[in-house]
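Enquirer: Construct all of the structure, not just a fragment, from the sequences and the given hints.
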Amino acid sequence: MSLSHPHPELTEPGKLPKGGLRVTPLGGLGEVGRNMTVFEYDGRLLIVDCGVLFPEEHQPGVDLILPDFGPIRDRLDDIEALVLTHGHEDHIGATPYLLRERQNIPLVGSELTLALLGSKLREHRLRETVQHKVREGDTISFGPFELEFVAVNHSIPDALAVAIRTGAGLALHTGDFKMDQLPLDGRITDLRAFARLGEEGVDLFLTDSTNAEVPGFTTAEKKIAPAIEQVFRESDQRIIVACFASHVHRVQQVLDSAVAHGRKVAYVGRSMVRNMQIASDLGYLHVPEDVIVDAKELAELPPEKVVMVSTGSQGEPMSALSRIANGTHNFVHIEPGDTVLLASSLIPGNENSIYRVINGLARLGANVVHKGNALVHVSGHASAGELLYCYNIVRPRNVMPVHGEVRHLLANGDLARQTGVESVVYAEDGVVVDLVDGKAEIAGKVECGYVFVDGTTVGDVTESELKDRRILSEEGFVSIIVVVDTVNGTVASGPEIHARGHVWPDNAFDPVKQPIIKAVNRAMSEGATDTYQLQQAIRRTFGRWVSSTHRRRPMIVPVVVEA
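Per our numbering, the sequence shown starts with residue 2, numbered consecutively.
For the record, the hints were derived by calculation from the structure and aren't laboratory data. Just so you know, not all the hints are guaranteed correct.
As the list claims (entries may be wrong) - Computed cross-link-like contacts, DSSO-like style, restricted to lysine-lysine with a CA-CA straight-line distance of at most 27 Å: (1) K265 with K372; (2) K265 with K306; (3) K372 with K223; (4) K297 with K121; (5) K121 with K134; (6) K306 with K372.
Expert: Laid out in structure tokens, this is it:
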């Protein structure tokens, strides 16, 4: 079965039938990031997660990508609560932007999740928010939605699945999860609760799809300890460990190894310093006494006594590790023989950026240990074997794969069918699914696009403008100035042609000047007096010539000046 989103026959959904539950994903289905799902029952709305997506190379100048709030913008007062399953950016990062539109939306999440969100809210000067701290086993109601929270294991502590009870039935949203049976914090995914909910009857099961294509079971976090230990044992100079600024478990492993080998640890990168302080204050990170030092004190220590834990494991241009690799960091500079450990996976789309950083570090003389040459990271998502396990335990009536690219969603749905689930609903962002009388079906679609954050602007950058930026970066820029005599209907002077971003010989544009003059004269003789029409004539003439002669498609900016 193919996904329904591309089908042109899908129109806006009709009115939700009485007693039905409507599910509208506004992000996270069709991509890994900007997760946001809206549940509607009896005229009220519940939102699960509100995250960001990070831009790829074909989106120049974009800082973040948000879910599209358009479908709910005129219903903000109907929102009962925003449930946050865990503290990763792709699940909480867009929350401040939603709260700009209605600041008193109740926020529901675990202690660590709300603490990590709190620092983001303060950055956005959102201080008067309504928060409800929950933990596994808690039950809380908002309007017609009764919520029960279930512990799940993930690559960040305190992750939760949420069971949503309404008059339409029981929906279970896993959030991001895996089934590590030997987690570092001892907090396993609560399969007993999953089984109990299954006995009650799960009408709609929304399951994490990210690793649905990966056979077997996800490797336990403890399995990477030997690789980290080997790095510490074999390194006789500084060690720099790069990981996600939220990966408390990984930082704990680094701290433990540092103590065992008599090294001091410093955090490098603003988000790493902030998040680890929060995790330590709340007891999620156990920091041995006298092991943490300020990064600026490292120069006073011998290199064999130093460990740095840095941001930038995904090659983000402005991260600490990227600046270290470029030689532009304020006080951290690679010395030959240093070891850099990239303790993370490669997020799809980031490969080029990551390898650029690896090459930069290697060029400076560092020994770079990464997932390609050592077991230094394991996924935070359930693989196929774990998903099969869950389907057999829960025995849901309907399954809606979430969180993943198209191939992940399809693979997850296929696993559900293998276990006997007959009703699998495939959707993408904007596709509306209704659960009515125990049956989940697609009811239509709503307009749902990418919302780009560019500096201080939100939503002002369009796909058309991004296309212009890509052309500028790849093909260059050509301006053509023509002065016209509108009385006589002729070109008075020009064209003057100037180019940037591509190497052109001095006389490269000589052959096209007369065709441009003829095109402008002809347009004026045919009655064109508007400068826009004359600009279009110039653009068409130059565009055809440069494409056929030089196989280039630069941005063309014609300027017509009246004499």
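Enquirer: Next, verify each hint and record whether it holds.
Expert: Taking the hints in turn, this is what the structure says about them:
1. K265 with K372: 25 Å, holds
2. K265 with K306: This hinted pair holds, its Cα atoms lying about 6 Å apart.
3. K372 with K223: With a Cα-Cα distance of about 15 Å, the restraint between K372 and K223 holds, given a limit of 27 Å.
4. K297 with K121: Given that 27 Å is the threshold and the Cα spacing comes to 25 Å, the pair holds.
5. K121 with K134: At roughly 17 Å apart (the allowed maximum being 27 Å), K134 and K121 satisfy the hint.
6. K306 with K372: 25 Å, holds
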